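Enquirer: Following the hints, position chain B against chain A.
Those protein sequences? They're chains A and B, same order as listed.
If you count by my numbering, then the first sequence holds residues 1 to 410, one letter each, in order.
If you count by my numbering, then the second sequence holds residues 1 to 416, one letter each, in order.
Honestly, the hints are just simulated from the structure, not real lab data.
It should be emphasised that the depicted structure is a prediction, and the values quoted were computed from it without experimental measurement.
It is possible that part of the hints are untrue.
Ranges between beta-carbon positions, derived for each pair [what the hints assert, rightly or not]:
#, chain 1, residue 1, chain 2, residue 2, range
1, B, S81, A, D131, 39 to 45 Å
2, A, S61, B, T222, 57 to 63 Å
3, A, R318, B, Q166, 45 to 51 Å
4, A, N112, B, S81, 55 to 61 Å
5, B, L170, A, K331, 27 to 33 Å
6, B, S322, A, L211, 43 to 49 Å
7, A, V220, B, H174, 54 to 60 Å
8, A, N77, B, E4, 32 to 38 Å
9, B, Q9, A, R318, 49 to 55 Å
10, A, R366, B, Q3, 28 to 34 Å
Note that the Cβ used here is the ideal one computed from N, Cα and C, for glycine as well.
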Amino acid sequence: MELLTYKTDKCPEIVVLNDPEAFTLSVGWFVRTGARDESNEVAGVSHFLEHMVFKGTPRRSAEDVNRELDHLGAQSNAYTSEDSTVFYASVLPECQTQAVDLLTDLMQPLLNEEDFETERQVILEEIAMYDDQPPYGAFERAMELFFGSHPLATRVLGSTESVSDLSVQQMREYHSLRYSVDNMFLCASGKVDFARLIEDVERLTVDWPSLVTPPRKLSVPGFGQVEEEIERESTYQHYAIQLWPGLSVNDARRYALRLLCSALADDSGSRLFWELIDTGKAETASLWPQMFEECGCLIGYLCCAPEDAAENQAVWERVIETALKEGVTQKELDLARNKITASLILSDERPSNRMFALGQSWLNRRAYEPLDVVLSRYMAVTLDDLREVADQTLSGSPTSVRVIGQVEPS
Amino acid sequence: MNQELLFQQFDNGLVLLGEHMPWLRSAAFTFVLPAGTCYEPNGLDGLAGITCEMSQRGCGEYDSRAFLERLDSLGVERTGSITTNHCAFSCAMPSQVLADVLQLYSELVRRPLLPESQLSDTKLLAMQDLRALYDEPSHRCFSELKRFRFPLPYGRISQGTKEGLQALQLENIHQFVQSQFTPQGTILAVAGDFDWQQVCDCVAQLLGDWQGPSPSSLPELTCVYGSRHIDHSSNQMHLALAYDCASYESPDYYQTRALVGVLSDGMSSRLFSEVREKRGLVYSVFATCFSLAGQGSVLCYAGTTNNRAEETLQVLIETIRSLGQGVTEDELERLKNRIKSSLVFEQESSAARSGQIASDWFYLGRVPSRDEVCRKVDELTCEGLLEHFLQIPPNNFSLVSVGSLPMELERGIADL
Chain A
1 MELLTYKTDK CPEIVVLNDP EAFTLSVGWF VRTGARDESN EVAGVSHFLE HMVFKGTPRR
61 SAEDVNRELD HLGAQSNAYT SEDSTVFYAS VLPECQTQAV DLLTDLMQPL LNEEDFETER
121 QVILEEIAMY DDQPPYGAFE RAMELFFGSH PLATRVLGST ESVSDLSVQQ MREYHSLRYS
181 VDNMFLCASG KVDFARLIED VERLTVDWPS LVTPPRKLSV PGFGQVEEEI ERESTYQHYA
241 IQLWPGLSVN DARRYALRLL CSALADDSGS RLFWELIDTG KAETASLWPQ MFEECGCLIG
301 YLCCAPEDAA ENQAVWERVI ETALKEGVTQ KELDLARNKI TASLILSDER PSNRMFALGQ
361 SWLNRRAYEP LDVVLSRYMA VTLDDLREVA DQTLSGSPTS VRVIGQVEPS
Chain B
1 MNQELLFQQF DNGLVLLGEH MPWLRSAAFT FVLPAGTCYE PNGLDGLAGI TCEMSQRGCG
61 EYDSRAFLER LDSLGVERTG SITTNHCAFS CAMPSQVLAD VLQLYSELVR RPLLPESQLS
121 DTKLLAMQDL RALYDEPSHR CFSELKRFRF PLPYGRISQG TKEGLQALQL ENIHQFVQSQ
181 FTPQGTILAV AGDFDWQQVC DCVAQLLGDW QGPSPSSLPE LTCVYGSRHI DHSSNQMHLA
241 LAYDCASYES PDYYQTRALV GVLSDGMSSR LFSEVREKRG LVYSVFATCF SLAGQGSVLC
301 YAGTTNNRAE ETLQVLIETI RSLGQGVTED ELERLKNRIK SSLVFEQESS AARSGQIASD
361 WFYLGRVPSR DEVCRKVDEL TCEGLLEHFL QIPPNNFSLV SVGSLPMELE RGIADL
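For reference, chain A alone in the conformation it holds in the complex (with noise of 0.2 Å):
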């Protein structure tokens, strides 16, 4: 597996991981550009941008882009984040040149009124669909008193407010200033053909605008420590989410903290696993971390029986509180271990999979560790790693925000 890389002034940076013995390539287009990037007045452009870059470009309209994507027989998708939009596809070999025409193309939409209203539908829909599944809304309403008035508090579907008043010229305006040569990066992995690649992809975009996005605006938020409960008629399950500081993408502390939920809160084999899973209190008891450019939280999640809740939220901070005065022990953290260096080996069997570690990583710190590199910093954390990030993380009052359940099932 070879990393190859390749940029000019007015080429998007170009990276893969070449695997001649592959037998795919996966293909993505990576945007630094999310839900932290909008004004409150835009809220949801990123994510509804992502939906309409399918709607059709000069060369294709949308009928042409769909069948094309299935006449490849690809594998495609795209979606958006706080802090970045992608765009993928996976295809046979002899697919690439093709895929990566269509891809590149997409990247500079139409943007057509018409096609945006009824798209603008769609995300209606989709907030709607996401707004009946558990937990309602939950985790986006305590990111928002998490972060305040942050960046990171913008929810990435935005509201059905903010996409109802959206205009389409807003959106034309995002793209030009967050689509750039310089804001976005061409991703792949598999069997490559890289100079076939550097060619097509110098060729599809030198007629793209040479506008400069200007930088992010990093700032480490000051987090809230803010109770609240949302009541919802007909919920039978009670939800519980809760969220403290993290640790940023480049922290060097992000392994341990990864094997410190692991031993507390993953679904198999962890503290919380055996108080509330395996004696059946709780539907779902997890902690993971999420992390961003400057700072990071922690989210915690807890699904139960209403009657259960208070029971289960004592446990939850029992559990976090002996953890912090004892951390965790030897055996805990070998098994954690254990467990995620075999999810990483397994998942890292597919060259889709590979490309979106290669893409997050290089979003991240334009930066690749193979995957034997990783394998070592998770090798080399000690019990007192797993000490010092939980003081740094978990030791204060979390943002907490409970779904009250109300009705038994018939």
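Expert: Okay, now just chain B, sitting in the frame of chain A:
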């Protein structure tokens, strides 16, 4: 990518299947036992799921914690799941630990401890699953569709019922294990990087002398048609619609699968295009093939807000009907490309391949090779698809709506 199905049937009925994928560092197996919901005694809905969960709480010399810690220390990703026909244990792992994991799961199916002390915890956990299902209207509509369309014993859902979970006793679980955790009707499918002879020797030693009864025979399935509404306070109406089609075992399955592909495979498919892209009625809409007891059904889903629910249902049905005007060459070619490339993607995952092998063997008693699938797909023609549509037109519709607006199929819709 040479492909060879490796096969061994043991005297006790157990079928062992294998497919080499030496380019991978992992191995995976899918272990399916005839212990699904269709074998649950009446009134004990949820017994299959409870048995699956209890069997993973210790076996042989391992108690619950030791069993789980051993799997975690070996780095095994695993699931235990229940379908109508089966209890399935699926594991993916670094290939060098395959024999150790086969040993653990052989103990699990032969000597589960079924500790009485953990029954109430297991029931509580199952009750949590049931409640969580009731909070997910998009999932619940399919559970309710299954209950409505497929009479007993086929219509039970894996989560069971509150009454069933409350009623079942430890003795029921022991009986269920004795009758259903049996080599007869059990399939163990291995895929990835492994030595076949070692796997055969290992399984012969671990499971060769395993004995058990034949699973009981099942009644014929007659589907129920019509409409059913479940009142639920939600933003969207969740519509689950089913109609008859050829089953997986049928020689016409590829035609049925292709028609459903034209409806729902990919972003240029008719449902995505008509319901979402042109009209913006939904975020999620899809159709899929489902086979049960030799009968095929197409299952469709659409989720939309109340004021657009009638239109969505109408467009959904019109789009299904539009297959009767034929399929274009272009649509068929796209579909063929998608199916063929999906066969290549499957080669990147030992877990996906082992699951497919086990499923093929259950339905067909054999595993079609990629070459055979490609040949069948290449043989599909637009004329053949139209002819198939006219032979088995969509009829016998069942609709379940979950939300705050009761919906019904128009009179006569069950026989388009």
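Enquirer: Is it true that N112 (chain A) and S81 (chain B) lie within 55 to 61 Å of each other by Cβ?
Expert: violated, 45 Å
Enquirer: Please test the hint of 32 to 38 Å on the beta carbon pair from N77 (chain A) and E4 (chain B).
Expert: At roughly 34 Å between Cβ atoms, E4 (chain B) and N77 (chain A) fall inside 32 to 38 Å, so the hint holds.
Enquirer: Within 27 to 33 Å: is that where the Cβ-Cβ distance between L170 (chain B) and K331 (chain A) falls?
Expert: holds, 31 Å
Enquirer: Within 57 to 63 Å: is that where the Cβ-Cβ distance between S61 (chain A) and T222 (chain B) falls?
Expert: Hint violated: Cβ distance 46 Å, outside 57 to 63 Å.
Enquirer: Determine whether the Cβ-Cβ distance between S81 (chain B) and D131 (chain A) falls within the hinted range of 39 to 45 Å.
Expert: violated, 28 Å
Enquirer: Has the hinted range 45 to 51 Å been met by the Cβ atoms of R318 (chain A) and Q166 (chain B)?
Expert: Violated, at about 30 Å.
Enquirer: Is it true that the C-beta distance of Q9 (chain B) to R318 (chain A) lies inside 49 to 55 Å, as the hint says?
Expert: At roughly 53 Å between Cβ atoms, R318 (chain A) and Q9 (chain B) fall inside 49 to 55 Å, so the hint holds.
Enquirer: So the hint says 54 to 60 Å: do the beta-carbon atoms of V220 (chain A) and H174 (chain B) match that?
Expert: holds, 58 Å
Enquirer: Holds or violated: the 28 to 34 Å window for the beta-carbon distance between R366 (chain A) and Q3 (chain B)?
Expert: violated, 41 Å
Enquirer: Between S322 (chain B) and L211 (chain A), is the Cβ distance one that fits in 43 to 49 Å?
Expert: Given about 44 Å between the Cβ atoms, the range holds.
Consistency with the previously given hints fails for numbers 1, 2, 3, 4 and 10, ordered from lowest to highest.
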